[in-house]
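Trainee: One letter stands for each residue in the lines below.
Protein chains: 2
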Amino acid sequence: MKCEQDFVNFLEKLESYSGSILKGIGDDCSIVKFNNKKKYVFTTDTSLLGPHFTKDYSPEDIGYKCLATNISDIASMGCIPLYAMYALTLPKMSESWLKRFYRGSQRLLKQHKISIIGGDTTKGPLSITIQMIGIQKYNILLRSGAKLDDGIYVTGTIGNARAALLSKKRTLGYNYFKRHLVNPTPRVTLGLEISKFASSCIDISDGLAKDLKNIAVSSDKGFIVNIDKIPLKPKFNQFVPKKLIEECILGGGEDYELCFTADNKYNNKINIISNKLKLKITKIGSITSKGYKYIKDGKAYKVKTKGYDHFSNK
Amino acid sequence: MKCEQDFVNFLEKLESYSGSILKGIGDDCSIVKFNNKKKYVFTTDTSLLGPHFTKDYSPEDIGYKCLATNISDIASMGCIPLYAMYALTLPKMSESWLKRFYRGSQRLLKQHKISIIGGDTTKGPLSITIQMIGIQKYNILLRSGAKLDDGIYVTGTIGNARAALLSKKRTLGYNYFKRHLVNPTPRVTLGLEISKFASSCIDISDGLAKDLKNIAVSSDKGFIVNIDKIPLKPKFNQFVPKKLIEECILGGGEDYELCFTADNKYNNKINIISNKLKLKITKIGSITSKGYKYIKDGKAYKVKTKGYDHFSNK
Numbered sequence: 130m131k132c133e134q135d136f137v138n139f140l141e142k143l144e145s146y147s148g149s150i151l152k153g154i155g156d157d158c159s160i161v162k163f164n165n166k167k168k169y170v171f172t173t174d175t176s177l178l179g180p181h182f183t184k185d186y187s188p189e190d191i192g193y194k195c196l197a198t199n200i201s202d203i204a205s206m207g208c209i210p211l212y213a214m215y216a217l218t219l220p221k222m223s224e225s226w227l228k229r230f231y232r233g234s235q236r237l238l239k240q241h242k243i244s245i246i247g248g249d250t251t252k253g254p255l256s257i258t259i260q261m262i263g264i265q266k267y268n269i270l271l272r273s274g275a276k277l278d279d280g281i282y283v284t285g286t287i288g289n290a291r292a293a294l295l296s297k298k299r300t301l302g303y304n305y306f307k308r309h310l311v312n313p314t315p316r317v318t319l320g321l322e323i324s325k326f327a328s329s330c331i332d333i334s335d336g337l338a339k340d341l342k343n344i345a346v347s348s349d350k351g352f353i354v355n356i357d358k359i360p361l362k363p364k365f366n367q368f369v370p371k372k373l374i375e376e377c378i379l380g381g382g383e384d385y386e387l388c389f390t391a392d393n394k395y396n397n398k399i400n401i402i403s404n405k406l407k408l409k410i411t412k413i414g415s416i417t418s419k420g421y422k423y424i425k426d427g428k429a430y431k432v433k434t435k436g437y438d439h440f441s442n443k
Numbered sequence: 130m131k132c133e134q135d136f137v138n139f140l141e142k143l144e145s146y147s148g149s150i151l152k153g154i155g156d157d158c159s160i161v162k163f164n165n166k167k168k169y170v171f172t173t174d175t176s177l178l179g180p181h182f183t184k185d186y187s188p189e190d191i192g193y194k195c196l197a198t199n200i201s202d203i204a205s206m207g208c209i210p211l212y213a214m215y216a217l218t219l220p221k222m223s224e225s226w227l228k229r230f231y232r233g234s235q236r237l238l239k240q241h242k243i244s245i246i247g248g249d250t251t252k253g254p255l256s257i258t259i260q261m262i263g264i265q266k267y268n269i270l271l272r273s274g275a276k277l278d279d280g281i282y283v284t285g286t287i288g289n290a291r292a293a294l295l296s297k298k299r300t301l302g303y304n305y306f307k308r309h310l311v312n313p314t315p316r317v318t319l320g321l322e323i324s325k326f327a328s329s330c331i332d333i334s335d336g337l338a339k340d341l342k343n344i345a346v347s348s349d350k351g352f353i354v355n356i357d358k359i360p361l362k363p364k365f366n367q368f369v370p371k372k373l374i375e376e377c378i379l380g381g382g383e384d385y386e387l388c389f390t391a392d393n394k395y396n397n398k399i400n401i402i403s404n405k406l407k408l409k410i411t412k413i414g415s416i417t418s419k420g421y422k423y424i425k426d427g428k429a430y431k432v433k434t435k436g437y438d439h440f441s442n443k
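Line order of the protein sequences matches chains E and F. To convert, take the position in the first sequence, counting from 1, and add 129; that gives this note's numbering. To convert, take the position in the second sequence, counting from 1, and add 129; that gives this note's numbering.
Honestly, I wouldn't trust all of these hints.
Put simply, identical chains are the same to the list, so a pair is met inside one copy or across any two.
[To be verified] Result set (DSSO-like, lysine-lysine): computed pairs, CA atoms no more than 27 Å apart in a straight line:
1. K325 <-> K433
2. K252 <-> K221
3. K342 <-> K252
4. K342 <-> K221
5. K221 <-> K433
6. K298 <-> K252
7. K252 <-> K184
8. K431 <-> K325
9. K433 <-> K252
10. K252 <-> K297
11. K298 <-> K422
12. K394 <-> K425
13. K372 <-> K168
14. K307 <-> K252
If you're looking for bench data, these hints aren't it; they were derived computationally from the structure.
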């Protein structure tokens, strides 16, 4: 069991004792049916100093980002976030730190009308685990629904979080990308809109190449992606050295944009949604029967990056 | 904000956006209504090397205890545990450690038919956060329902976990108490039985004195407890030095026995349940209008111990 995916596979094999669990571990959330009308989705994420935030993050930034990543898991399922539980491990109990931490969370809690329904505090190295519960509105989006010839779409622009991470602090480049790394925007409204017709969805947390491969594997399909179509911020190429571009746009996680697939007949609908929400949505490729292919400058391109794994150094 | 209770008070003040939250933070669980028939209870607990388990715990012991403490929170609400989410932070991904950890959890998962519905792993200092969801069967027990003259009852025997903690490893005394510290039994069946009539309930996790005070404060009442009535294991006095007895039975947490209050007319019913479940239930005192009084050897007794707080050294 070398990596996180093995752990997920391991959990999937554990016995389930309830008929109301419609989807266990393996997607961004699990799905549970509490009554005959609506399904609920559940997710949990731990954020640590080091992999998830660094010493220069303000308490507000930490409070924002830890919550945003959990909301993003709900968004990628096409659901509405409802409740959160906070389990905080803190080196010491500081009222001012906690107030600032919650001020950071508050923005998102208010915006999405999320209630905190539980909390636990322990003393130890800084660690924040948030569990979130969401509710279905239209359809629930899974990773496993991609169909042959479906278009592959991404929201916003890609690679910004990693570009910030690789830039020197306080440089023009860092400032240009920072917001995406520190204050990512979970795509809840977009997730709801596309849940009416999209065939699969994932949030880009571990890098586009790895996350898209997750869709392909879960759907038992392949894909072809045109790297030149991947949407970048206007000054991306100005600030990111050429040799780091692939790592940023394919390997870099933490963008928390959505990557989804949909039948090509919904192209126009996707344009309408994009205009309505003022959010760029770009078709970057198509679902194929097998293989993971990339095109760059019109030619086949071999990708080196592997995407983020919490237990390797990549 | 010096201690955990302040954090809970702080969380209680945060805005709630949903009418379906019947009880927010402040009890062992929060209560959410998902449909018109049943209510669900939610809890989260983090376990760390140091305060919750020590280096001599086997992975099986850790897997058992982390889950048991969460089940105990559900039991203290008089509910049935249903689902668990695991957020694990591990220094390295080890298949054999994880298998042994889950083997420890498995006993309880099977016994209580609990399904794991979510998981996350990150790399860092060992830390295990489990969230648990339970469902109401009869009434949901709160801390706040104690009435004047209600009897105060505890299950099993008290002080064993702290007695183990204070004993030297591998001594006769340690072996005598160890099971209670390392493999506590969550009182789910008893919680369900008493939920039909008890007025309040809490699990003894932070020490009887502190947990009982939580009931009194939440219920806006006082109590009188006869220390000589607190049930002890037969050889308790043989192994615990006299000067440590108070700390074990009043200050020592982690017993995960239930402490509940009920009208005295249910005395006989409580005896019947005790016989049916083969679980000792002992009346140790009564609810009063105010004040926290202890009697020992027929005289008023001043308690020194304060109970466990994660952010002090007590």
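Trainee: Run every hint past the structure and note whether it holds.
Mentor: Consistency of the hints with the structure:
1. K325 <-> K433: neither (35 Å within a copy, 62 Å between copies)
2. K252 <-> K221: both (6 Å within a copy, 21 Å between copies)
3. K342 <-> K252: between (38 Å within a copy, 23 Å between copies)
4. K342 <-> K221: For K342 and K221, only the inter-copy Cα distance (25 Å) is at most 27 Å; the intra-copy one is 41 Å.
5. K221 <-> K433: For K221 and K433, only the inter-copy Cα distance (25 Å) is at most 27 Å; the intra-copy one is 42 Å.
6. K298 <-> K252: This pair counts as between: shortest inter-copy Cα distance 25 Å, intra-copy 30 Å.
7. K252 <-> K184: Both, since 18 Å and 17 Å are each at most 27 Å.
8. K431 <-> K325: Neither: 35 Å inside a chain and 66 Å across chains, both beyond 27 Å.
9. K433 <-> K252: For K433 and K252, the Cα distance is within 27 Å only across copies (24 Å; inside one copy 41 Å).
10. K252 <-> K297: For K252 and K297, only the inter-copy Cα distance (25 Å) is at most 27 Å; the intra-copy one is 32 Å.
11. K298 <-> K422: Classified as neither: same-chain Cα gap 35 Å, cross-chain 59 Å, threshold 27 Å.
12. K394 <-> K425: within (26 Å within a copy, 80 Å between copies)
13. K372 <-> K168: Cα proximity of K372 and K168: none, with 45 Å in one copy and 55 Å across.
14. K307 <-> K252: Answer is between; shortest inter-copy Cα gap is 24 Å, intra-copy 30 Å.
The structure shown violates the earlier hints numbered 1, 8, 11 and 13.
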